[in-house]
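A.B. asks: Since chain A is already given, all that's left is putting chain B on it; use the hints.
This is what each chain is made of:
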Amino acid sequence: MKTVTEMIMEFATHMKATDHVIMFYSKPEDKRLLLFAYLGTGLQKGEAAAYIASQESPKYIREAMKTHGIDVDRFEKSGALHVIPYEDWYIIEGKFSSAKTTGLWGKLYEDSMTNGFKGLRVTGEMACFFENNMIKELADYEKSLHRVLDVPMTAICAYDMNLVPLEFYRELIEAHSNVIFLGPRDSMMSPA
Amino acid sequence: MGKHDAASDIRLILPRFGFCVSKKVRQPAERDIAVTPFPSMSAIPPTEGALDELLLESVHDTLKGIFGAKVPEAIYKRLETNYSISPEEIPNRLSEFVQGLEGLFDRASKPVERAIAKRLDSKLGLRFVEMHSLGLLDYLNEVKGAGKDIGS
Chain A
1 MKTVTEMIME FATHMKATDH VIMFYSKPED KRLLLFAYLG TGLQKGEAAA
51 YIASQESPKY IREAMKTHGI DVDRFEKSGA LHVIPYEDWY IIEGKFSSAK
101 TTGLWGKLYE DSMTNGFKGL RVTGEMACFF ENNMIKELAD YEKSLHRVLD
151 VPMTAICAYD MNLVPLEFYR ELIEAHSNVI FLGPRDSMMS PA
Chain B
1 MGKHDAASDI RLILPRFGFC VSKKVRQPAE RDIAVTPFPS MSAIPPTEGA
51 LDELLLESVH DTLKGIFGAK VPEAIYKRLE TNYSISPEEI PNRLSEFVQG
101 LEGLFDRASK PVERAIAKRL DSKLGLRFVE MHSLGLLDYL NEVKGAGKDI
151 GS
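Read top to bottom, the protein sequences are chains A and B.
Quick note on numbering: this note's numbering labels position 17 of the first sequence as 17, and the sequence is numbered without any gaps.
Quick note on numbering: this note's numbering labels position 35 of the second sequence as 35, and the sequence is numbered without any gaps.
Calculated directly from the structure, the hints in this document are not laboratory data.
All C-beta atoms in this analysis are idealised placements derived from N, C-alpha and C, irrespective of residue type, glycine included.
Just to be clear, a hint being listed does not mean it is correct.
Claimed, not checked - Taking CB as the label site, the calculated pair distances span: (1) A:Ser57 with B:Gly49: 50 to 58 Å; (2) B:Ala69 with A:Lys45: 29 to 37 Å; (3) A:Asp140 with B:Thr47: 44 to 52 Å; (4) A:Pro191 with B:Leu56: 22 to 30 Å; (5) A:Lys27 with B:Lys64: 20 to 28 Å; (6) A:Thr102 with B:Leu56: 39 to 47 Å; (7) A:Lys2 with B:Ala69: 22 to 30 Å; (8) A:Glu56 with B:Tyr83: 27 to 35 Å; (9) B:Glu53 with A:Lys66: 52 to 60 Å.
Just chain A, same shape as in the assembly (with noise of 0.2 Å):
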């Protein structure tokens, strides 16, 4: 019989285009080792993988997923791989815009189909948005990105659930076609 885990990163792993998925952690290394094992099987499968950086560094993040067995170096050589640091693509120049982000993500789609590759797989660490007092920004455009994406990828939402004030699980959840927690000594999966 499969443990929690095992089927969580099953689900993420296995996540079709347009899924919209929230995801809830308390420890760092929980929320790498399921973004890794996410992103990675899409980069072995031929598709495209971005990893919106915020609460670690890019410059961390490639370390973590070198050592995760992500050949990040060859994968970022031929465009597969994409490690993007928030301020590239939120809160550019202090200044969150919706439809900017959602537009880069669009080309970001566009650029991969473009290059050959078999779909695009992305994720995000959203801690900026609370750094950055944005919450209310940050609903809004979780809400406009709807439950089934419009752009046919896969996404992940990371949210340290330390940071996020309990008014907004709800809204957040709601926005999301299906919720993940990883707790520091249980896990679930549950439709949002």
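C.D. replies: This is chain B only, laid out in the frame that chain A set:
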């Protein structure tokens, strides 16, 4: 709202069940919200069964309010798998339920506990004494202790 002196005597009133108790409480921290005593009423505490039912309702309403309609079912399922607690057993196995919340939500479990206590409080018709350092277990002990004081 003013602060209470250490071990000051306050009254917890349960209008819904029509009872009033006096209870010694420890001094609240600076940020705690102190309770304002209500005028006294007749003393009929809620039965254990009624309290359990209200607690269950409070747990479900709160989890649904915070996480939406579908997540509470998944939480109950995890509690059943990991702690062998069915939802109806929560009142009698509260410490395990709290452990289950901590295992899933880490530090966020404390605000969840307080939200449950607050919901129960409103169902009981109590004036909530929000102690930020305290959890659901402490709150239930206060409420149950208040009921025992009446009986003695």
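A.B. asks: Against each hint, give a clear statement of whether it holds in the structure.
C.D. replies: Tested hints:
no.: 1; hint: A:Ser57 with B:Gly49: 50 to 58 Å; in the structure: holds (56 Å)
no.: 2; hint: B:Ala69 with A:Lys45: 29 to 37 Å; in the structure: holds (34 Å)
no.: 3; hint: A:Asp140 with B:Thr47: 44 to 52 Å; in the structure: holds (47 Å)
no.: 4; hint: A:Pro191 with B:Leu56: 22 to 30 Å; in the structure: holds (23 Å)
no.: 5; hint: A:Lys27 with B:Lys64: 20 to 28 Å; in the structure: holds (27 Å)
no.: 6; hint: A:Thr102 with B:Leu56: 39 to 47 Å; in the structure: holds (43 Å)
no.: 7; hint: A:Lys2 with B:Ala69: 22 to 30 Å; in the structure: holds (26 Å)
no.: 8; hint: A:Glu56 with B:Tyr83: 27 to 35 Å; in the structure: holds (33 Å)
no.: 9; hint: B:Glu53 with A:Lys66: 52 to 60 Å; in the structure: holds (55 Å)
When each numbered hint is compared with the structure, no violation occurs for any of them.
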